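Required output: the full structure, derived from the provided sequences and hints.
Quick mapping for you: the protein sequence lines, in order, are chains A and B.
Read in order, the letters of the first sequence are residues 1 to 226 in our numbering.
Read in order, the letters of the second sequence are residues 227 to 444 in our numbering.
These are computed hints drawn from the structure, not numbers from a lab.
Incorrect hints may have been included.
Stated by the list, open to error - Partial pick of chain A residues on the chain B-facing surface, computed with a CB cut under 7 Å:
| id | residue |
| --- | --- |
| 1 | Val57 |
| 2 | Thr60 |
| 3 | Ile63 |
| 4 | Val71 |
| 5 | Gly74 |
| 6 | Gly77 |
| 7 | Leu133 |
| 8 | Gly144 |
| 9 | Leu148 |
| 10 | Ile205 |
| 11 | Gln220 |
Claimed, not checked - Below, a sample of chain A positions facing chain B; criterion: calculated Cβ distance under 10 Å:
| id | residue |
| --- | --- |
| 12 | Leu50 |
| 13 | Val53 |
| 14 | Leu61 |
| 15 | Leu65 |
| 16 | Gly82 |
| 17 | Ser86 |
| 18 | Glu130 |
| 19 | Tyr143 |
| 20 | Asn157 |
| 21 | Leu201 |
| 22 | Leu202 |
| 23 | Thr209 |
| 24 | Val210 |
| 25 | Asp221 |
Note that this is a predicted model, so its numbers are computed, not measured.
Idealized CB from N, CA, C, for every residue including glycine.
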Amino acid sequence: MRRLIAILSAVIAIVVGLITLSGLLVGDELGLLTVFVERYGVRDLTSVFLQLVVVTVAVTLVIGLFNLVVVHTGRIGRLRRGWPYSLVLLVSFLAVVGLTLAERAGLASAVPGEPAYTAILLDSVEVSIESSLAALLLFSLVYGAYRLMRRRVTWANMLFTFILLVVLLGALPLPGAGISLLAQVRNWLLAVPVSAGARGLLLGIALATVVTGVRVLVGQDRSYRD
Amino acid sequence: MVGEAVEADRPLHLSLGHVGLGGDNTVLSLAVAELAYQAARRAAIGATAPIVTVSNPSALPLAQDTLRRAYFTRERIVPYSGSQARWYPSNSQTLAFAAALTATMGDDRVAGNVLAGSFGPELALVLEQAQRRRIPTIATSTSLDGQAVAYAMADFPLLGEEVFAAGGYLGESAGQTAVVVTLDVLRWLLILGILIPAANALSDGALLEAVVRLLEGR
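Have a look at this one:
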């Protein structure tokens, strides 16, 4: 029975994948393929599938919220390490949900011309906290560069640190011939080797994405088999 | 890393970052889930289940299914709990997710991290916390910012498409090994596709003419 379900799910995934791919890729001048796509309404079917994806992703948000509540309620129930944070999270969650519902029902209207309470809450809490973390990020990055050399001095690590210093110094808006030269070196580094390396990485990822996509389309992905 | 986690009876932490199903990252999500599956399958023999964290809610069912399959293949479905896959809500590349991961490392006394997926520079916060707690970490990101941070700060960084080859390295099926071989062949074809036109342009077309003459036996 389990094997039958696995085969069925693979067939559904392959058929839906091929139909969606045809609907998105086949243009107006591809002969028989275009005739097939137009005669059988493949583009309309593709549009329906894409709308279903949007709806499914929206449903996963509800699943996520349920997961969040279950995980943190469990932590509080078992008094796991850090449970007070879970309590704060749940209370904040319920308070924001309550406030949003009250706003929608007109029970907690904002002052006319002023932003809604939930927007104020978002600006004054989340944005502030994320700004503080962004400031910390700088120190983490500097510590990372320091640790790179401390961990193990290799040619690759030395090159990495040297380039990092050149790029940082070259970006300084200071006068002087030395800095100007560093700025030129920095611009060349960013335009040639860094750009080439980045393209190499992205090309590798693109190739791998294509191969993995083909595996999914031919039903070789593990999720169809177990 | 997995062996240490099992022996210490502490959880392994697997994070898929900001990847999710139904968007640009769908295929990447599947590749990262394969890596998570291989790690979770090895950790499933222990008493403490691995923790899988995601920031995109669409990746949550994938994370739960990955854990379930890992336990199912070990025939230990009883210790599996869906709540070991956790959603930490955040937008793409925001710091809230990084903050949540740092808290997870401390609260759950994580024994090792596998951070594979889409991360931005905020990965530095997580990796710094891991270093402070002496937690070994494998990290990679498809975002270039995150990749640079992972290279500089992770104990075991993976580069570029290596995350897609994880199934081939860690798995046992011929199909997964075929992916690695296919990737290598495609990579060499791509390199030749770049180098040959470049060499031809540098020689003002003389290279291709010479090849054509050679093929015609002149």
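A quick look at each hint next to the structure:
| no. | hint | in the structure |
| --- | --- | --- |
| 1 | Val57 | holds (5 Å) |
| 2 | Thr60 | holds (4 Å) |
| 3 | Ile63 | holds (6 Å) |
| 4 | Val71 | holds (5 Å) |
| 5 | Gly74 | holds (6 Å) |
| 6 | Gly77 | violated (11 Å) |
| 7 | Leu133 | holds (4 Å) |
| 8 | Gly144 | holds (4 Å) |
| 9 | Leu148 | holds (5 Å) |
| 10 | Ile205 | holds (5 Å) |
| 11 | Gln220 | holds (5 Å) |
| 12 | Leu50 | holds (9 Å) |
| 13 | Val53 | holds (5 Å) |
| 14 | Leu61 | holds (5 Å) |
| 15 | Leu65 | holds (8 Å) |
| 16 | Gly82 | holds (4 Å) |
| 17 | Ser86 | holds (9 Å) |
| 18 | Glu130 | holds (5 Å) |
| 19 | Tyr143 | holds (6 Å) |
| 20 | Asn157 | holds (9 Å) |
| 21 | Leu201 | holds (4 Å) |
| 22 | Leu202 | holds (8 Å) |
| 23 | Thr209 | holds (5 Å) |
| 24 | Val210 | holds (8 Å) |
| 25 | Asp221 | holds (6 Å) |
Taken one by one, the earlier hints fail for this structure only at number 6.
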